[in-house]
Amino acid sequence: MTDTVLSLNNLKAGYGQTEILHDLSMHVDANEIVAIIGPNGAGKSTAMKSVLGLLNINSGSVTLNGTDITDTPAAKVVRLGISYVPQTQNVFVNLSVQENLEMGAWTRPVGIPERLAEMYELFPDLAEKRNQAAGSLSGGQRQMVAMAKALMVDAKILLLDEPTAGLSPKYRGEIFNTIQKIKSTGVPIMIVEQNAKQALGVADRGYVLVDGANRYTGTGADLIADREIARMFLGGGH
Amino acid sequence: MEAYLGYFLYLLSLLTVGGIYAIFALGLNVQWGFAGLFNVGIVGFAAVGAYTYALLTTAESTFHYGGFGLPLPVGMFVAMITSALVAAVIGLICIRLRSDYLAIATIGIAEIIKLILKNETDVTNGPRGINKIPRTWEHFSEERFYSSWPLSWFGTPENWAAFFDGLPNWWWQPCFAGTILLFMYIIYRMLERARVSPWGRMMTAIRENEPAVRAAGKNVTARRVEAFVIGAAIMGFGGALFAQHLRLIEPTNTFDPAKVTFLVWVMLILGGSGNNRGAMLGAFLIWTIWSASELMISGIIDLVGFVAQSFDTTILETRAGFLRMMLIGVLMQVILQKFPEGILPEVRPASPRSKL
Amino acid sequence: MWDAFGFEFVNFYLIPGLVLGCIYALGAIGITLTFGILRFANFAHGELMMMGAYLTWTIMAIITAVIGITVHPLIAAIPASIVVIYLFFWTDKFFYKPFRKADTIKVVMASFGMMLILRSAVQVIWGPNQLTFVPGIAKPNAGLMSWTDDIGAILLIPNKHLLIFAGTIVFVVVLSYILNRTRIGKAMRAVSDSPDLAHVTGIDVDQVIRATWIVGGVCALAAGVFLAMDIQLLETTMGFRMLLPMFAAAILGGIGKPYGAVAGGLIIGLAEELSAYPWIGTEPLLSPGYKTGVAFAIMVVMLILRPQGLFKGRSF
Chain A
1 MTDTVLSLNN LKAGYGQTEI LHDLSMHVDA NEIVAIIGPN GAGKSTAMKS VLGLLNINSG
61 SVTLNGTDIT DTPAAKVVRL GISYVPQTQN VFVNLSVQEN LEMGAWTRPV GIPERLAEMY
121 ELFPDLAEKR NQAAGSLSGG QRQMVAMAKA LMVDAKILLL DEPTAGLSPK YRGEIFNTIQ
181 KIKSTGVPIM IVEQNAKQAL GVADRGYVLV DGANRYTGTG ADLIADREIA RMFLGGGH
Chain B
239 MEAYLGYFLY LLSLLTVGGI YAIFALGLNV QWGFAGLFNV GIVGFAAVGA YTYALLTTAE
299 STFHYGGFGL PLPVGMFVAM ITSALVAAVI GLICIRLRSD YLAIATIGIA EIIKLILKNE
359 TDVTNGPRGI NKIPRTWEHF SEERFYSSWP LSWFGTPENW AAFFDGLPNW WWQPCFAGTI
419 LLFMYIIYRM LERARVSPWG RMMTAIRENE PAVRAAGKNV TARRVEAFVI GAAIMGFGGA
479 LFAQHLRLIE PTNTFDPAKV TFLVWVMLIL GGSGNNRGAM LGAFLIWTIW SASELMISGI
539 IDLVGFVAQS FDTTILETRA GFLRMMLIGV LMQVILQKFP EGILPEVRPA SPRSKL
Chain C
595 MWDAFGFEFV NFYLIPGLVL GCIYALGAIG ITLTFGILRF ANFAHGELMM MGAYLTWTIM
655 AIITAVIGIT VHPLIAAIPA SIVVIYLFFW TDKFFYKPFR KADTIKVVMA SFGMMLILRS
715 AVQVIWGPNQ LTFVPGIAKP NAGLMSWTDD IGAILLIPNK HLLIFAGTIV FVVVLSYILN
775 RTRIGKAMRA VSDSPDLAHV TGIDVDQVIR ATWIVGGVCA LAAGVFLAMD IQLLETTMGF
835 RMLLPMFAAA ILGGIGKPYG AVAGGLIIGL AEELSAYPWI GTEPLLSPGY KTGVAFAIMV
895 VMLILRPQGL FKGRSF
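Protein chains in written order, with this note's numbering: chain A, 1 to 238; chain B, 239 to 594; chain C, 595 to 910.
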């Protein structure tokens, strides 16, 4: 069996009094991409935020490499090596691309110039725009900045919240390619997606969330092949 | 007997000024307690009310515009309306913006109002202020009122002069205090009505869940402006009473933001924001503490002077007032952090959620 | 071309306007940074500015009493700045921080209370009467006067005003270096941009807040000392008097935009002085008594037309 990097165990969590996650268990192993799909309001983004300590966890636990990190504040979670890219407002719009990446490296003690060079290699589009304000970039490029920013630390795992929301199909493909590239550098990825088919296409495994609990689990290919899931979540249009 | 009279009159003055502050606090409660609007320009609305009242009701004077010698209730009513109009202008500009901007704008408008009062010397007599403002009840003993109604119905000026000479010179004090308390009670009852009305329930709903109210198609901004204007009208009315109590008003010391705006805020927070009874309780409590501490501090200074005879106590006397203000400020911070609900917490009107 | 008009306009309106503008600009920097990073309008800013000037005066007096020499206010301001920074830290720790996660308006209220507490404290400690900050009449700089006289455009600028101009330029240059070249400065801009994202990026927001108080505090002290140098006296209302123009400058420039605050400060300062110039006829356009109203008028117009300010700051 491979090493489990991140695991959520029987999580019950929500905002204030409202419980959104009722009984959620999932895990991400080393060297894999895990996609979380499901209908709107199923708690996909909430699942991700619970890892970051951004909401109230009523019971259950979150562990990183076997260490309990339940209810740890976000700033500390990041320092422990969990990098998170929110769905919206995921770049500092008034800072240049390079400054965004430098901010991403806030918790990195050394080797920032080297890491910057690696990122510009991974995201060649950004290299030429490094002095441009992130707010002036297109949606797809901003997403690249956000991912590069999150990777500036030696992330143990990368969490992406709907990275392709609102992007054109061309950019969508590019983002998924990049995600695979990131995985090849050895960083496991947990991704929440609306574009379920494409996400499952790149994912090693997937979870289907319904009503704050995982309903189906399987490899990406299996889930795509499952007729019921296809009918319910993948839709005809995609 | 004389001593008891002194205590009685002191009590009356506490009730008089406390009642005026209670009216300010009720006005603020409409704005802050009901609608969550942060107004730090109370002193400005009070000044508008006070000056409007003063100009309209004083006898003709060479020092300032008018006075028009109008009946006192007319003066009070117009004072209310003027203050409401000023609030409407500010409200329409600032209420759609975030609360901080309203705070800045209200503190600004209060300063501008004072600036106008100071500079338009032809109208307001500038820094020297307006004198001989008629006070309800007491004004009857002024000669110019003898020959006008209602006094002229009952007697000749000579009769009246003799009658008032026969009364003790404090005769009007209980009447004036009673009138203020009556006005306070009327405002309180009206606000209680408003609070449990659909309007008041919508106010509560807006504070609790603004997006939901907006989604229900209600005009939230308009409701807020209404609350702001009603609150300011009450403050303007309070200002008119304040002018009556003082009889001489001038822009700087009479309308010191620390002694009006700030004290009223502390009163409301202590009493309980959102609770009309709390607003009144807080006003009387803080005003009592405020005036009692004045006596206490001067007593302490006397004692210091007695114990250390060579020590010059004048320096303490000039600074004691500021120390009092500082302690009230600290009190406010403590309430804000430790007892944010105040003495009488807000009681939400029973409202079926679905009705909004 | 340097006729009576130019001489009077430049020396008696333009230069005083720029001096006032510099003071507003430095004060507004702190207000806009606090507004941008901590997200509230700090009503106590003006009072801390005033307290800085009083502390500077006290340190000058102590130095004179102990070693018998008179030091320049700008030297005495250096130790005073440490006290002012701690005052900012201390007000934050005890009065603002408890409300960090609560409604913004709570902390605005706390700052309003702080305004009164600090002012009363100054009145208790130093007394309510005016104090002389620097005695004597400020004569125009002789070198500058004779040199400008030679080229036919005589300028009457006292040394105190030259120092204020130079000081403001130095502060703005240092500030722009900090914000654009240093790690903490970039983080300050990042938090101002989006506190939530800064949080999940792992930026130490508490450290950024401390840096904000230091930068804002030093600028506030400079503004307070410059103001005291300009009017040569200290009074307990000077902080409150500055508050509205500083807010106006911050809003005019765009909330969260330090350069906007500087531009806004200069515009407000110039507008206040130039409003008293006899543009039409021989009477002042606006009675000098209404000078302070100009800032408010500009602010209200801005709030109606362009709440995000000239430099596209945040609008709520």
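A hint or two may mislead.
What the hints assert, rightly or not - Dumping the calculated DSBU-like pairs for lysine-lysine here, alpha-carbon to alpha-carbon at most 35 angstroms:
(1) Lys-497/B x Lys-885/C
(2) Lys-456/B x Lys-695/C
(3) Lys-497/B x Lys-733/C
(4) Lys-691/C x Lys-356/B
(5) Lys-352/B x Lys-885/C
(6) Lys-906/C x Lys-352/B
(7) Lys-356/B x Lys-885/C
(8) Lys-906/C x Lys-576/B
(9) Lys-885/C x Lys-576/B
(10) Lys-687/C x Lys-129/A
(11) Lys-12/A x Lys-695/C
(12) Lys-695/C x Lys-497/B
(13) Lys-370/B x Lys-695/C
(14) Lys-906/C x Lys-170/A
As the list claims (entries may be wrong) - Here are the in silico distance ranges between beta carbons for each label pair:
(15) Asn-605/C x Glu-128/A: 47 to 57 angstroms
(16) Pro-673/C x Arg-427/B: 41 to 51 angstroms
(17) Gly-111/A x Ser-770/C: 22 to 32 angstroms
(18) Asp-494/B x Ser-881/C: 42 to 52 angstroms
(19) Thr-459/B x His-666/C: 48 to 58 angstroms
(20) Asp-494/B x Pro-872/C: 55 to 65 angstroms
(21) Lys-76/A x Ser-251/B: 57 to 67 angstroms
(22) Lys-691/C x Gln-17/A: 21 to 31 angstroms
(23) Ile-719/C x Glu-396/B: 51 to 61 angstroms
(24) Arg-79/A x Tyr-771/C: 38 to 48 angstroms
(25) Thr-300/B x Gly-662/C: 52 to 62 angstroms
If you're looking for bench data, these hints aren't it; they were derived computationally from the structure.
As the structure is a computational prediction, the values presented were derived from the model and not from experiment.
No residue lacks a Cβ here, since even glycine has one placed at the ideal position from N, Cα and C.
When the hints from earlier in the document are held up against this structure, which numbers fail?
Hints 3, 4, 8, 9, 10, 13, 16, 18, 20 and 24 contradicted; others consistent.
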